[in-house]
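Residue numbers (the UniProt record's numbering), protein chains in the order written: chain A, 1 to 109; chain B, 1 to 1010; chain C, 1 to 416; chain D, 1 to 210.
Derived from the structure by calculation, the hints contain no laboratory data.
Check before you lean on any hint, since a few could be wrong.
In silico lysine-lysine, BS3-like type, Cα no more than 25 Å apart, as pairs [as the list claims (entries may be wrong)]:
hint: 1; chain 1: B; residue 1: K130; chain 2: C; residue 2: K289
hint: 2; chain 1: A; residue 1: K84; chain 2: B; residue 2: K394
hint: 3; chain 1: B; residue 1: K130; chain 2: C; residue 2: K11
hint: 4; chain 1: D; residue 1: K160; chain 2: A; residue 2: K84
hint: 5; chain 1: C; residue 1: K213; chain 2: B; residue 2: K121
hint: 6; chain 1: B; residue 1: K762; chain 2: A; residue 2: K88
hint: 7; chain 1: C; residue 1: K11; chain 2: B; residue 2: K521
hint: 8; chain 1: C; residue 1: K11; chain 2: B; residue 2: K121
hint: 9; chain 1: D; residue 1: K160; chain 2: C; residue 2: K164
hint: 10; chain 1: C; residue 1: K164; chain 2: B; residue 2: K130
hint: 11; chain 1: D; residue 1: K168; chain 2: B; residue 2: K762
hint: 12; chain 1: C; residue 1: K164; chain 2: B; residue 2: K144
hint: 13; chain 1: B; residue 1: K521; chain 2: B; residue 2: K394
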Amino acid sequence: MLHIFCPHCGELRGEEEFAPAGQAHIPRPLDPAACTDEEWGDYLFFRDNPRGLHHELWLHAAGCRKYFNATRHTISYEILETYKIGEKPDVTAEAQASEKKPLAQGATA
Amino acid sequence: MSQKNRLPRGGRIDRTRPLDFTFNGQRYQGCDGDSLASALLANGVDIIGRSFKYSRPRGIVAAGAEEPNAVLQIGASEATQIPNVRATQQALYDGLVASSTNGWPSVDTDLMGILGRVGGKLMPAGFYYKTFMYPSSLWMTYEKYIRKAAGLGRAPLENDPDIYDHMNLHCDVLVVGAGPAGLAAALAAGRSGARVILADEGEAFGGSLLDTRETLDGKRATDWVDQVLAELQSLPEVTLLPRATVNGYHDHNFLTIHQRLADHLGETAPRGAFAQQLPRQRMHRVRAGRVVLATGAHERPLVYGNNDVPGNMLAGAVTTYLRRYAVAPGKKLVLATNNDYAYRTALDWLDAGLQVVAVADVRHNPRGSWVEDARARGVRVLTGCSVIDVRGSKRVEAARVAAIDAVAMKVTSPGEWLECDLVASSGGYSPVVHLASHLGGRPAWREDLLAFVPGEGFQKRLCAGAVNGVFNLGDALADGFEAGATAAAQIGFKHGASELPRTEKRVEEPSFPLFQVPHEKPTARAPKQFVDLQNDVTAAGIEQATREGFESVEHVKRYTALGFGTDQGKLGNINGLAIAARSLGIGIAEMGTTMFRPNYTPVTFGAVAGRHCDGLFEPARYTAMQAWHLRNGAEFEDVGQWKRPWYFPRPGEDIHAAVARECRAVRSGVGILDASTLGKIDIQGPDAREFLNRIYTNAWTKLDVGKARYGLMCKEDGMVFDDGVTACLADNHFLMTTTTGGAARVLQWLELYHQTEWPELKVYFTSVTDHWATMTLSGPRSRELLSQVTDIDLDRDAFPFMSWKEGLVGGVPARVFRISFTGELSYEVNVQADYALGVWEQLIEAGKPYDLTPYGTETMHVLRAEKGFIIVGQDTDASVTPDDLNMGWAVGRNKPFSWIGWRGMNRADTLREDRKQLVGLKPVDPQKVLPEGAQLVFDPEQSIPMTMVGHVTSSYMSATLGHSFAMGVVKGGLKRMGERVFAPLVDGSVIEAEIVSSVFYDPKGERQNV
Amino acid sequence: MQRYSGFGLFKHSLSHHENWQRMWRNPTPKPVYDVVIVGGGGHGLATAYYLAKTFGVKNVAVVEKGWLGGGNTARNTTIVRSNYLWDESAHLYEHAMKLWEGLSRDLNYNVMYSPRGVYNLCHTLQDMRDAERRVSANRLNGIDGELLDAAQVAAEIPYLDCSKGTRYPVMGATIQRRGGVARHDAVAWGYARAADAAGVDLLQQTEVTGFRKENGAVIGVETNRGFIGARRVGVVTAGNSGHMARLAGFRLPIESHPLQALVSEPLKPIIDSVIMSNAVHGYISQSDKGDLVIGAGIDGYVGYGQRGSYPTIEHTLQAIVEMFPILSRVRMNRQWGGIVDTTPDACPIISRTPVQNLFFNCGWGTGGFKATPGSGHVFAASLATGQMHALAAPFSIDRFYSGALIDEHGAAAVAH
Amino acid sequence: MSAVNVYEQRPSHLDGQSPLHHAGLAELVGKGSASAGIRLRERKLLGHLVLRGDARDPSFAGGVHKACGVELPVALTLAAAGETSLQWLAPDEWLLIVPQGEEFAAEQRLRDTLGSELHYAVVNVSGGQTLLELSGENVRELLMKSTSYDVHPSQFPVGKAVGTHFAKTQLVIRHTGEDTWQLVVRRSFADYIWAWLQDAAAEYGLAVDA
Ligand SMILES: Cc1cc2nc3c(=O)[nH]c(=O)nc-3n(C[C@H](O)[C@H](O)[C@H](O)COP(=O)(O)OP(=O)(O)OC[C@H]3O[C@@H](n4cnc5c(N)ncnc54)[C@H](O)[C@@H]3O)c2cc1C
Ligand SMILES: NC(=O)c1ccc[n+]([C@@H]2O[C@H](COP(=O)([O-])OP(=O)(O)OC[C@H]3O[C@@H](n4cnc5c(N)ncnc54)[C@H](O)[C@@H]3O)[C@@H](O)[C@H]2O)c1
Ligand SMILES: Cc1cc2nc3c(=O)[nH]c(=O)nc-3n(C[C@H](O)[C@H](O)[C@H](O)COP(=O)(O)O)c2cc1C
Ligand SMILES: [Zn+2]
């Protein structure tokens, strides 16, 4: 069971208090009407789904009812940071790649 | 019967407290402090069960969690049956009833055993994949017999009288295992002031110290244990959990501990001080800052011929039975070993006054202290030898000891048969790396120790003692103390100095790798050498698997069932993979282990479920009028978590009669509905209107204060996902209603868009679902009735349709909305929920002259359907757009902002003209009610598979219309008015219906607007 | 291929089972294949088998990064049924069901397909409507299905708590009697053995790390054992499909989630069918070994750890005890997780991709085991001809642009 | 006309029924064991208001302080003055609890003080929730059975208040005194919570206080 730091409440809470809400940083197109079917389909359905660092949206459903972002490793499930909506992640796959950090262990598949 | 194997002295049992129990119908006696296994051994019970596949007699092998054979059914009554209890881990209690799980007619004379001997040859690993294919129709018959033969114990057939609960624990340091390493760790962490939990699955704390012959500070090791426990008990932040198995290590240092509170006491848990049932077991859900794993090591048996005959045991288990339980499971011992540590069993055996026939040590020149001690006491030590075969059918009669070349896998001497009744073996020690590996961390092989130790872990954990490969007692104590101190320090707690007890000085020599003992014959022809006793997996089976191409350790496991049993391979896995590695010509490290998963040992379903069952399975939500509904005989419908009155039957009425009566009452008089469950969201802020514009499909710019409007909500894909009426309370203030089931979803949806997309919009949303209770008065006489109890001017011009007013209803401040879901003149009265029951009762009272009829959701559904009003989720699924519902009127095509849903409903597929569209369906036979869900076709004569063109979404008999009617979606239906569709039913009949407008009643809407 | 039979077992017993042949070879990769299948799960192996056996394409390799059948195939709860709602999926799953019915003989390998019946319990009025809708659609599609009322359910499923006192009383159920279970491992091994016999190279411990492309078309795969050329590539990697798409340079409408299951200790027969409940949220069957095989829903976040969250297990067992109170004293032996590739409409993607000659078969999510033979068959047909098989065509990626989704969500109960 | 609708929703002369009215707590008073480890009391029919606004805006924070007599509490805390308490729920959300019948005045006071320029919201939710007060020596155990939130005093001192998971639902736990805790329970869940609490408390003995 994950232990997640809510950046609004300022403390770690059990996963049961949260609801995952999918990939983060997918802004709604400013002018949907101008999107082609491809662009709109891409916005609606297509996801990064990475093995590794993932920026995702969570809702502190039982706590402050606020959404926030988390950078989580999808194999080790380690959460490297959480940050508020509108903020940018400090930890990214690109940054890690340049540091050449190995994948967290526990990779089984 | 006498306890013939009970030693006269010693052990941690209370001879003054005899306990009666039965096994396979026989009555026996044991002592307080016994495990079920030790009590059986004390009574000389050899055969404990029959093996799974070959039905061979089996006896007790181990003394702990690794026991594969002594897996018994216990329980004196039907309701208290527990299948597959490990006798080694079950404390004896008075009146315990146990039986074997296999063996017919009895374990001693088992007919299946004959079958096993004959048929066993036909049952190599994976045999079932190779046969029973012809004729395919017969597989189900074969399967029935296979199923009968398989399985161990049986489930009770009556409901459990016991309860189970959960406790959420938090600590700085969780120490798993209370052997020397764990006790030292807990001490170090506890003294630092940290919050510490110490859990051990045993009946007592102490681990290996409970039966060791080693001393601490020159005294019995258990004295030190008692002293440590006393100190730990005195520390306020230390929690001791006995009989508590840490069964799973989950992400982010979340662990579960399965504690057996009452299993040692009797059939069912006792009653507590307040006369209520205490929990039988408790699941602790622990979040730990640091975890110290001090789980020790399991001894491995050696794999030799007929090593499953009762009387073959682990060396360490023999010691445990002797020293802890004062039970001698035999008279004449042959010990086979590859290490020094096992010699203590020979010494213990001698101490008990029993005969050690010989020790067969595979090593050529063992010189360790214990070895020398044994020699000094006259023990015959045969070096370079091992036990290669055992004789005896129901009990060991002799063991053949021969010289072997363990590297070349050869027997190098003919050996000799040594008469004995007990063969103890030790093939080394496997650290209990289970918990350390639950999160995927792979254990690492250490050739120096001949053991897998915990691999790198990314969780915040430390390992100490034998699990860490630190086998020596003194070192284990130091390792434990260090780990406990480090764990606490990592959290920020300082510890004092260590003062650990003094241990004996001994010389201990390395062990020599031996897993499967060679035999003169090739493995496939040698006497059966069992690796996994529970699943009858033999060395030959493993070799066969590798020969057939199963080269991955996981393939070997799955093909042979190695480690699949209730012991999860604690006894056999390492031997099995060593055998597989050898037969593939690779190293053990390369072979690797199979995946370790929770549970460490099996956990009761009830304990995992906790109190979240029976009435507490899930919350049931009630409105403020629930007490009245109950008093007035309502039948309830589950809608989301709510219990809603479905209909209010009068004596003798079925649902149809009740609903027909309720419908008539609303259409001709007045009815009252509890509509409190509708979601209600208070929306405040200068941008509230703009927000509504974006989130609803229709336009909100022009809705005046005092007015209300129906709105449709779509997802970005253009599919309808909720609807409801929103009222403008003031310029910057709206009250939105949602469907009952959708309330939470919609609020979350609004928050999602506000928080992540449009934070610049000044608006706040607050749920007021529970604050307002809603009662709907509906029917032509509702105005008259309401006027009796309100000061609001109900005149049609003063209070027109789709508007709302504030005023007193029954003396309570109310907001009354003139909106209608039935098509009749209706008032939705909203009052603060604390006063709702009073208002409701006043309305009922005032309604008597009007024959005011309470109605439920079923009537509401009929009435709204007569009007063609949709119910989201019933008339829609996630593939229906507003246009499909013929509700294009609710789509603001000219709104400036590209609101949610607009782009989605303008995709290639959503623009198709022949989409399924919602229409009315009028059965040609007015008495026939189309089943809701029935599929529709244009041509009922076509052959199967038929081309389906839609389905019925809502369907009723209308008391008002005098005929049945329905709504449904039909391909291109809106352009097919007057055409026929057919519903071919399960019973072969076909209902024919005409496609009509979905508004069956009062199409002009005059009745609601009077 | 050494044929398997009862007589064969007897014959081999005379030589102490020392002469069983390998079920498959351990070949070294050829430089180039007509078709390379990435992923040696049930679907990939079935695809290879039908390619070689039915469609005459014999120069085929299956490239598997671990051991054959070690992905979701090894960890699923083995429910087989074909009672899907929408025509497109119903036809596809029914195609698979027909193949199941003759599969053991076709492969000469007992996959233990056991049509013991699959119940979907209904607990609300909407459940009942959905059930009627599904059964009605199934029957008109030629798929067996029945709708039972509460009394019939109580009579047919012993020990199920059908009393009115439960939180969500049972109102009825659907039953597909041809549905049931099969032995997951046997399916992978049976296909592997038969594919190998038909000439397919099964390359284990071979991980695809990239796709080599020329002019927008794939020409082979990079692996940890070097480059392997291919005229066509079919990717069948379930939970790892999103990752494979990234390697190929595009994205999919897929998220990979943990899905867990658990087994009890082995018991004497007590549950003789498959029982699933959406409202209470759990499902259960009993394997031939005697363990109760239990599962429920997915964890909500992306996860490649092959493990899920403990509260999910708790909720699942709460559901099981709620449905079968007698199981309260039974004990859970092992829990595990898989990585399921979920799509927005809970239907698979069998499709061409933006890369020419590169085909994907994925998105089976929580319910693809039952489709194994059908999926392999239609995918093989598509790979053999380059034209999508008629049953596969509706499952193209294009539907996520046009909007022609095949939404099985609402109708499928717990989708396994 | 004001941009928002402010409405006195409580009748002055009628008795209300709290969410646990049907449970008949009053009849249970004095019936529990004297040695009960858990004591429960419903603090019913109080005025509950949800307050929304921007805490960083001094005119909002100052206004609230002025109107309520309590300063806006920081995250996860509770501030009280007499019978009035103000609790942080979220960065832009607070729960104001005032004595029964004072909620309308409190809202008016807030609105008067905060004025009409500022963007904020005040919502009366008095009918939608109730306060259950738990005391006694086993309260912590009872809470540990119910929530995975850490209720150890070192982590959950007096004056802390958190929204969290509880049994199978969510609520707010407030630590109001050494041995006294409060649960803010939604009306429609009150029956479930009451059933849960009785069950969880059974082991320690439960007494109901008036
Ligand atoms: C717990 C659980 C329960 C389920 N229950 C059911 C059920 O009851 N009924 C049902 O019908 N379905 C069920 N499913 C779903 C079902 O298991 C899957 O849909 C199905 O097994 C998928 O088969 P597959 O062959 O596509 O995938 P897999 O068996 O996962 O095979 C994919 C293979 O691709 C390999 N691979 C991945 N990446 C690479 C690479 N880069 N290079 C080479 N190889 C690679 C993997 O190692 C794996 O072996 C369940 C799933 C789970 C997890
Ligand atoms: N010299 C050798 O070759 C050798 C080999 C093996 C063991 N030993 C002896 O083993 C001891 C090592 O001490 P130790 O403290 O590491 O181990 P230990 O075996 O004394 O204690 C381990 C404890 O952990 C408990 N445990 C295991 N898994 C658990 C779980 N999941 N949940 C709860 N409890 C669990 C066991 O019940 C046991 O009480 C020393 O006494 C040492 O002499 C020596
Ligand atoms: C249908 C089915 C039945 C299973 N039965 C058992 C069982 O009886 N005993 C057991 O230990 N594991 C059983 N397993 C679980 C496997 O041991 C293993 O956990 C699972 O295949 C996932 O692999 P992994 O744990 O190695 O990752 C079963 C798995 C499946 C899919
Ligand atoms: Zn928060």
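Hints, one by one, checked against the model:
Taken as a hint, the B:K130 and C:K289 pair is honoured in the structure, with Cα atoms around 17 Å apart against an allowance of 25 Å. The hinted pair formed by A:K84 and B:K394 fails the criterion: a straight-line CA distance of about 70 Å is larger than 25 Å. For the hint linking B:K130 to C:K11, the alpha-carbon distance of about 13 Å falls within 25 Å, and the restraint holds. Distance hint between D:K160 and A:K84 is fulfilled; the C-alpha atoms sit about 23 Å from each other, no more than 25 Å.
Note on C:K213 and B:K121: the hinted pairing is violated, with a Cα-Cα distance of about 54 Å set against a maximum of 25 Å. The hinted pair formed by B:K762 and A:K88 meets the criterion: a straight-line CA distance of about 23 Å does not exceed 25 Å. Taking the CA atoms of C:K11 and B:K521, the gap is about 20 Å. The hint holds against a cut of 25 Å. For the given pair, C:K11 sits about 10 Å from B:K121 by alpha-carbon distance, which is consistent with the 25 Å threshold.
Note on D:K160 and C:K164: the hinted pairing is violated, with a Cα-Cα distance of about 42 Å set against a maximum of 25 Å. This hinted pair does not check out: C:K164 and B:K130 have alpha carbons roughly 47 Å apart, beyond 25 Å. For a cut-off of 25 Å, the pair hint linking D:K168 to B:K762 is broken: about 33 Å separates their Cα positions. The suggested pairing of C:K164 with B:K144 is violated, with an alpha-carbon distance near 33 Å, which exceeds 25 Å.
Between B:K521 and B:K394 the alpha-carbon distance is near 24 Å, which keeps this suggested pair within the 25 Å criterion.
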